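Number of protein chains: 2
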Amino acid sequence: MKEIKVGLIGFGTVGSGLAEVLLTQQKRLEKRSGLSIRLTKVADIAISELPPRFADVTLTRDAKDLFSDPDIDIIVELIGGIEPAKTFMLQAIESGKHVVTANKALISQEGWDIFSAAAKKGVEVGFEASVGGGIPVIKALKEGLVANKILSIMGIMNGTANYILTRMTDEGAAFVEVLKDAQEKGYAEADPTYDIEGIDTAHKLAILISMSYGMRISLEDISIEGISRLEPIDIQFAREFGYKIKLLAISRNHDDHIEARVHPTMVPENHLLASINGAYNAIHFTGDMVENVLLYGQGAGMMPTGSAVAADIVDIARNIQSGSINRVPDLSYLPDQIIDRQITPMEELFCPYYFRITAMDKPGVLSTVSGILSKYGISIESVIQKGRKESGPVPIVIRTHRAQESAVEKALAEIDALEVVASETVKIRILEDQE
Amino acid sequence: MKEIKVGLIGFGTVGSGLAEVLLTQQKRLEKRSGLSIRLTKVADIAISELPPRFADVTLTRDAKDLFSDPDIDIIVELIGGIEPAKTFMLQAIESGKHVVTANKALISQEGWDIFSAAAKKGVEVGFEASVGGGIPVIKALKEGLVANKILSIMGIMNGTANYILTRMTDEGAAFVEVLKDAQEKGYAEADPTYDIEGIDTAHKLAILISMSYGMRISLEDISIEGISRLEPIDIQFAREFGYKIKLLAISRNHDDHIEARVHPTMVPENHLLASINGAYNAIHFTGDMVENVLLYGQGAGMMPTGSAVAADIVDIARNIQSGSINRVPDLSYLPDQIIDRQITPMEELFCPYYFRITAMDKPGVLSTVSGILSKYGISIESVIQKGRKESGPVPIVIRTHRAQESAVEKALAEIDALEVVASETVKIRILEDQE
Chain A
1 MKEIKVGLIG FGTVGSGLAE VLLTQQKRLE KRSGLSIRLT KVADIAISEL
51 PPRFADVTLT RDAKDLFSDP DIDIIVELIG GIEPAKTFML QAIESGKHVV
101 TANKALISQE GWDIFSAAAK KGVEVGFEAS VGGGIPVIKA LKEGLVANKI
151 LSIMGIMNGT ANYILTRMTD EGAAFVEVLK DAQEKGYAEA DPTYDIEGID
201 TAHKLAILIS MSYGMRISLE DISIEGISRL EPIDIQFARE FGYKIKLLAI
251 SRNHDDHIEA RVHPTMVPEN HLLASINGAY NAIHFTGDMV ENVLLYGQGA
301 GMMPTGSAVA ADIVDIARNI QSGSINRVPD LSYLPDQIID RQITPMEELF
351 CPYYFRITAM DKPGVLSTVS GILSKYGISI ESVIQKGRKE SGPVPIVIRT
401 HRAQESAVEK ALAEIDALEV VASETVKIRI LEDQE
Chain B
1 MKEIKVGLIG FGTVGSGLAE VLLTQQKRLE KRSGLSIRLT KVADIAISEL
51 PPRFADVTLT RDAKDLFSDP DIDIIVELIG GIEPAKTFML QAIESGKHVV
101 TANKALISQE GWDIFSAAAK KGVEVGFEAS VGGGIPVIKA LKEGLVANKI
151 LSIMGIMNGT ANYILTRMTD EGAAFVEVLK DAQEKGYAEA DPTYDIEGID
201 TAHKLAILIS MSYGMRISLE DISIEGISRL EPIDIQFARE FGYKIKLLAI
251 SRNHDDHIEA RVHPTMVPEN HLLASINGAY NAIHFTGDMV ENVLLYGQGA
301 GMMPTGSAVA ADIVDIARNI QSGSINRVPD LSYLPDQIID RQITPMEELF
351 CPYYFRITAM DKPGVLSTVS GILSKYGISI ESVIQKGRKE SGPVPIVIRT
401 HRAQESAVEK ALAEIDALEV VASETVKIRI LEDQE
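Chains A and B are the protein sequences, given in the same order.
Going by our numbering, the letters in the first sequence line up with residues 1 to 435, in that order.
Going by our numbering, the letters in the second sequence line up with residues 1 to 435, in that order.
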């Protein structure tokens, strides 16, 4: 049986998960592929030895030992971050190795250099695990939905953020409390910025946009807003309107321009994305032929991510075996078919909005507020006024029809400048019902 | 650019959908695959001409014209049913053509003959569209989840049945009423037996079982119960217990034996499968590495199904182009690795149960009933007694802990023989919470 030898850079959580997957599934992979796929070398600077069950795997501190090993066919990068991950990937490619990574920051920001280098050397780049953890979303998009123009992408793509939102929703708890508990339990990192501020989600959205529409995208073009300023009261009002709040990545394909944004979104309760709870991820595509497709699963974790990395390895191994390297283009479209497209600035986009205005409970406030909204062409769908107190401010909650972001910004600036308005108005975008 | 020529047998709903997909997506497929994939010939006995936009496609009444055409690379069978579909598939294979089908009855019942013939001739068999319509479930299972032992399969795989159940749930309407309306609206066929009695779902489950576990399965080994006897009152009681009723395909992998069954199932409301509404399908896999994965989309329809058939065509076209035919085994495992396994008889399986006993409202009935259940080792989780009337029978609704089917059958036979019991007890299986 032909052997395919794998080198691994980074024996952390995901790296050790991959090693475990390859060991546990070795026989199964033989029965499915007719290939013996073996991890032979690991490069890691933080450990001094591998667990005993990896006795036949060589440990080195120097990734160069992998590049220079003529027996290694595929090198897997699982250290994360931009450098030295990028340099390692490029060196591996330069050495003629196929490469696999789970590194969404790297692929979304430096992918072009990596894909170009790989194309020049005629090697493959696998990155299934960079989006949606164990969910086979990259393969589904490149192959399963190949005969579709992708019209939209919507996703819950960060498990930490969704875990926090789910607990805030279920328990009515405040963001900081849930975050603290999540950190103590290991569900959130010590520095959770990437997860809670939507940056990780934007990395993943950028990758899906490139592949869905066959275009280059720069991370700066994606409008990003996180969940750290959400308050339980907004989750409560969302429920009264029939919505759940989710951190969504949203992109729509308008042919001549593309929407690309990440923000807390009120999702209609009967939409499947509203039912995605805890640390799970879900990615929803609309294709012009297939209509709606949703893929759901563990968006992170050592074994689920290991499963996705292993799938890439098997895919490449099969191509090595059958002499069909680059059978499917890395980014779904052939390199010379990838074009530039305009990303619509956030200010130009339309959607329905939720506003929570905090105002003194005086007669005429609603009339003033609705007058300002009307002046900017923003029409009100419904209003909730609650918590009437003897003194002190009360929330005025408004759900609007579709309005343009720029008009909303101007109207809210004017509303927040009113003397009766006690604090900055909270604005949350609403997913349209037909989506 | 290399041309790949496709012949199509059957220009009905799905066939014309495929023709439309290939025409609409031709440029896109070129940009993604570097191949010109063209439908060149259609065989159909029911039409006299093709729509004008297929002017360069030849229409014939005789499928043999496709087999004997040396230019055709791939033949697609979309007539459905066992014969003449099977003969056409075998003749196409014998002529050295790759074949693609959406025919779940054929693949689940006669697949072995087709896969054997294809292996002998060294051609491929594509059947993505046979399960889950447009959802790329076959590819996900064969490739995306390749590094997993599949532990369980659960699915809502018949859109008609799920549409009827959703409307019964939302409207409290009776099965016959909803079916009649669904037939008038074209959502259900004139003869809906396959859809509502679970047979179509069983066909799809058989295909997924073969591929998930690498085994042969006969349709007779699958225990099948449909939805035609469900009553609105049971849907109502399910809701009170926190469940929705879905027609589920369920299989579990116990290594030495396999569960395989299709029946109405009470699904906990917080399970994602409980949120799959209308004509949508969803397939849920649990893998030992990836944990839970769910794939959702349109389980039928001309364009979604056409999308899946087209994906198979592109896959085969890429293999033709790169000389990598049979790069991935048809059934996920290599033919010589497919083994026989025992299917557990339904009577031996355990699950929690819902019973609705219809009894005269006399003192001591519940005591008698619970005594019988206890005698057979069936323990009660909760009871609802409602609708107390002056005279006439009332429902006694019981939810049990896990019990064995054979014990349940004996207990219910004894209960139904009681003089106070007015009609046959309704029994619905409950999906366990941890699943």
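The set of hints was computed from the structure by calculation and includes no laboratory data.
Bear in mind that the values here come from a model prediction, so they are computed numbers and not experimental data.
Where a beta carbon is used, it is the ideal one built from N, C-alpha and C, also for glycine.
Misleading hints may appear alongside valid ones.
Here are the simulated BS3-like cross-link-like pairs (lysine-lysine), alpha carbons at most 25 angstroms apart as the crow flies [unchecked claim]:
#1 B:Lys5 to B:Lys185
#2 B:Lys86 to B:Lys120
#3 B:Lys149 to A:Lys27
#4 A:Lys142 to B:Lys5
Here are some, though not all, of the chain A residues that point toward chain B, as calculated from beta-carbon distances under 7 angstroms [as the list claims (entries may be wrong)]:
#5 Gly144
#6 Val290
#7 Leu294
#8 Gly297
#9 Val314
#10 Ser322
#11 Ile339
#12 Gln342
Hint-by-hint comparison with the structure:
This hinted pair does not check out: B:Lys5 and B:Lys185 have alpha carbons roughly 37 angstroms apart, beyond 25 angstroms. Between B:Lys86 and B:Lys120 the alpha-carbon distance is near 16 angstroms, which keeps this suggested pair within the 25 angstroms criterion. Only pairs whose Cα atoms come within 25 angstroms are accepted, and B:Lys149 paired with A:Lys27 is accepted, the gap being roughly 11 angstroms. With a CA separation close to 22 angstroms, the supplied pair A:Lys142 and B:Lys5 stays within the 25 angstroms bound.
Taking 7 angstroms as the C-beta contact cut-off toward chain B, the hint placing A:Gly144 at the interface holds, the least distance being around 2 angstroms. Hint status for A:Val290 relative to chain B: holds, with the closest Cβ pair at about 4 angstroms, below 7 angstroms. Among the interface hints, the one on A:Leu294 holds; its C-beta lies about 4 angstroms from the nearest C-beta in chain B, closer than the 7 angstroms criterion. For A:Gly297, the shortest C-beta to C-beta distance to chain B is roughly 4 angstroms, which falls under 7 angstroms, so the interface hint holds.
Contact between A:Val314 and chain B, as hinted, is supported at the beta carbon level, the nearest pair being about 5 angstroms apart and thus within 7 angstroms. For A:Ser322, the interface hint holds, the least distance from its beta-carbon to any beta-carbon of chain B being 4 angstroms, beneath 7 angstroms. For A:Ile339, the interface hint is violated, since its Cβ never comes within 7 angstroms of a Cβ in chain B; the closest pair sits about 10 angstroms apart. For the restraint placing A:Gln342 at the interface with chain B, the shortest Cβ-Cβ distance is roughly 19 angstroms, beyond the 7 angstroms limit, so the hint is violated.
The earlier numbered hints that this structure contradicts are 1, 11 and 12.
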